[in-house]
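Mind assembling these two chains? They're in different frames, but the hints should get you there.
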Amino acid sequence: MFKRATGIRTPVVITFESQSIEAEAGETIAAALLAAGVSAFRTSAEDGNHRGPYCMIGNCFDCMVQIKGVGGRQACRERVQAGLQINRHQGLPEPEDDA
Amino acid sequence: MTTDVLIVGAGPAGLSLATGLAKTGAKVEIVDEQPAPGGQVYRASEHNAATPQPRGWLGPDYAKGADLVARARATEGIRWRMATSVWDIRPEKDGCELGLLCDGKVSVAAARHVVLATGAMERPTPFAGWTLPGVMSIGAAQTLFKESGLLPQDGVVLAGQGPLLYLFIAQILAAGIKPRAVLDFGPRWARPATLPSLVQAALASPGQIVKGLRLRAEIARAGVEHVYGVERIEALGDGAINRVSFRHRGKIREIETSLLLAHDGVIPNTHMSAAAGCALEWTADQAAWCPRLDGKGQSTRERVWVLGDGAGILGADAAVLGGRIMARDMARALGLPSSDDSLDRRGDRRDLRRLKRLRRFLDRQYPPIAAFAQPPDDTTICRCEAVKAGDIRTIARSGCMGPNQLRAFSRAGMGPCMGRQCGNAISQIMAVETGRSIAETGCFSIRTPLKPVTLAELASLKDDEQ
Chain L
1 MFKRATGIRT PVVITFESQS IEAEAGETIA AALLAAGVSA FRTSAEDGNH
51 RGPYCMIGNC FDCMVQIKGV GGRQACRERV QAGLQINRHQ GLPEPEDDA
Chain C
1 MTTDVLIVGA GPAGLSLATG LAKTGAKVEI VDEQPAPGGQ VYRASEHNAA
51 TPQPRGWLGP DYAKGADLVA RARATEGIRW RMATSVWDIR PEKDGCELGL
101 LCDGKVSVAA ARHVVLATGA MERPTPFAGW TLPGVMSIGA AQTLFKESGL
151 LPQDGVVLAG QGPLLYLFIA QILAAGIKPR AVLDFGPRWA RPATLPSLVQ
201 AALASPGQIV KGLRLRAEIA RAGVEHVYGV ERIEALGDGA INRVSFRHRG
251 KIREIETSLL LAHDGVIPNT HMSAAAGCAL EWTADQAAWC PRLDGKGQST
301 RERVWVLGDG AGILGADAAV LGGRIMARDM ARALGLPSSD DSLDRRGDRR
351 DLRRLKRLRR FLDRQYPPIA AFAQPPDDTT ICRCEAVKAG DIRTIARSGC
401 MGPNQLRAFS RAGMGPCMGR QCGNAISQIM AVETGRSIAE TGCFSIRTPL
451 KPVTLAELAS LKDDEQ
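Quick mapping for you: the protein sequence lines, in order, are chains L and C.
The opening position of the first sequence corresponds to residue 1 in the numbering used here, with each subsequent residue numbered one higher.
The opening position of the second sequence corresponds to residue 1 in the numbering used here, with each subsequent residue numbered one higher.
In short, the hints are calculated from the structure, not lab data.
Given the structure is predicted, the values throughout are model-derived calculations rather than measurements.
Note that beta-carbon positions come from the ideal geometry of N, C-alpha and C, so glycine has one too.
Check each hint, because a few of them may be wrong.
Quick look at which bits of chain L chain C covers, simulated, 3 or more residues with Cβ under 8 Å [unchecked claim]:
{"hint": "1", "segment": "4-13"}
{"hint": "2", "segment": "38-49"}
{"hint": "3", "segment": "59-65"}
Chain C extracted, bound-state conformation (with noise of 0.2 Å):
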């Protein structure tokens, strides 16, 4: 029998659609790298659930994530495909087909719509030294915290902005960890221009904002060196890092540590959805690529559809609100009876829409870091190549007509990691530099394999689904 909805990625919005679906009858599957649903979110909650710590440190927003997670579990009618990569996406007319690999083999699985719910990733932050190992994203380290209980060492230092900044400084002192300093790029208050967008965000969200508050007075509290409005930062040391140094009102100082943990922000992650060809669209609001959508979150492919972060940046609660409604117009496009009439469908748009006045706040309340959005000439973007800035600005300055170009005459982007880490960087550094727009300028245009293959591995598909 074939799968009506194959949903790629287990975070809170592929649990939500999944349970809503499945509900209804239709035939599910879902597809994740992870071992254990959650996503980076509420990654290793099932794990979590049991112990006391780290869960307590954690806070009550990840606990959250084990309802969801147990939720779906319980729901009949999920096919769970756990510690699998998505490697090749293939939109067709009346289906998608995705190729797969699961411990060392290879499948394809097919279904008559996908969904891409591939979340978010931290906006990469160039900055010179940034590839030292011993230099990491915040986000990272929480990945390390949630899923294997490590924490990092008194003395380490944290840079950058955002929610995800606090949050995660808040979880490690809970832990009874002592960093040594918060190197803050935002201001210490909410800017001029933002105020609109704050009182909006207050009331529709007051728990939110007052959330917000109290993780910074718990830094505060905690007498953490916080310093607010940082200009600039760079690693040092020689094969790791072993002290950071940064500009605050044009001076500059020196913090000797083994452990740097930068975070600026969150994008979608859009690589699977580029890779299916669905258009992506540049959105001056977060600063990042989004496929572009109808109403519904169905993408500019017939048969792919995209929900949750992966789509733009909302957050959590709003993908478990968006998948609940994705499954509602999902099974009425299937044909299949609406699903739970218990849902209050009037209720998860309005608490949408509440969560998308916080965003507007966040959004400028945080714009990209401009010192990692257009970094000096000797700084690296593409980290699997060593491509540096300067090196893209010649590019573009000879003519270049655009990432997929340069991609050619610079290797970066052909790395690895296929462009992930270095593509944003590279169509806003080469806009600035040509005078043209960032969506002139385009994106990279992603390709099969997603996910590096070995030959042994392409050899284990069987010959009735080659």
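Looking at chain L on its own, in the form it has when it is part of the complex (with noise of 0.2 Å):
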């Protein structure tokens, strides 16, 4: 999908699920998982679906994951730090029926 143009300056290590990850302290979450070949961040709550990033800026959510334990949160705008745990962002599960 996609590779780096330049090497990585300050190199740091963080976990996507289980995979660990080398990325530049400081870039985007979003870059740092799609440099290392992850596409699908989240799951739709919609259709359970994967989904990935779509716009880069911040408008479109689809890059939801789960940053130490909290979902919802925006890789293309959180950064990355050491050794950050980073979890695909799971859509709620239907509610139970009460019927």
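Structure, rendered in structure tokens:
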């Protein structure tokens, strides 16, 4: 999908699900994940399908991930820090039927 | 001391206005979501100024941003609020308040006047499969290139139309990337109906027309397959895109790819002006909603002004000129001594008129792609809530009065993006389905919070600011 045109200057390691990823400190989490070949950032609550970054300017919210356990974070805006644990943002499960 | 002018958006418009106003002695603050100024067009200018690449690949137009940012940075009297989101806007009689969010902390900023310099966004491109991972906008890929030095890999397919399509391909060609194909919805040459506006544009801005032709020649020289007059595209794959299918002269072809980048021009980003209660009007020339403004950029809400591409698409150079002109007008409105007299007022207005003639041609040469504006029933329109074009048409046929009622019926526009991606398309689809004009059909009304705020973040608001 994407490749780095220039090497990583200040490498740090982050984790996506169980995958260790080397990334540039301070770059967007979206850039770090895309450079590592990750394209599925979240699961849609509506149809269960995978979604990934679409607009990269904070408008579309399709790049949402879970950072340190907090979901709904925009990967195109949040920045890479050493040791971050990132997971797919999971769409909310359907509410249970009370009837 | 009260802030005189709070500017939202540190792109070319906001930077130019901030610089001009601060020179008059006005107390200026500038807010932007990005950690550094430049906006989307000059994103990461400061970062890239220090290294030859990717700056060289991005070309001379992008390089202009570094000077603009440096001039603003060197101007005293500007308070920079970077990496800050605006989640609330409340215009009052004697000023305007903004709810801000920075580093997980909420605060309130107030100013006598607020200028929304929120720029442009890409016109969303609904087509079958556009929600698959690996389908992105061209602007998104360009942002990754500018800020992170990320390049699409060989084999990328680019689809759509407009100047940014050609510019971006030239930029990645310069960086040594070989796209698999360009699926161009535009015609190879100017449409006959656009010829008069082309002549006007060529007389007003010959350099820009030559540049467009040069970019296309570069694509041809690189041996990239460039299909003009594409009628339809569809992204296919299971869990992520693995191929794109397209129709050209009635025939359907497929190309394998893991990355499809699409683009259909840009539209004003009106989310915040709508939230402030500024009247928006459908602007047929640009096929977009624009805030209704007086000749100076004042919206229909007192204390709220709109500047740059957020007011109507004219491009980065026009945004800089507009910022300089508004700085003089606002200085007068604030009762401050007029700004730098050495600035060439008449020259700025003349240059602006030239850029308007160029834009008129671009608007006519690249009207919105019909296949995206009125997509088939099974195409997702609201990405957040997975609402399809057919759902919208069914609801419109049942007598739904407009986008705001449709939102309640379908949840379209109620997801985290709050209608930023689907709003335009919904107005257009409903208008066609009901046989009314887009202006009559209307658009989403937008309410706080403009960005998601957690309760913990809200709780960080200090008592004296509540």
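message: Hints numbered earlier in the text: which of these fail when held up against the supplied structure?
response: none
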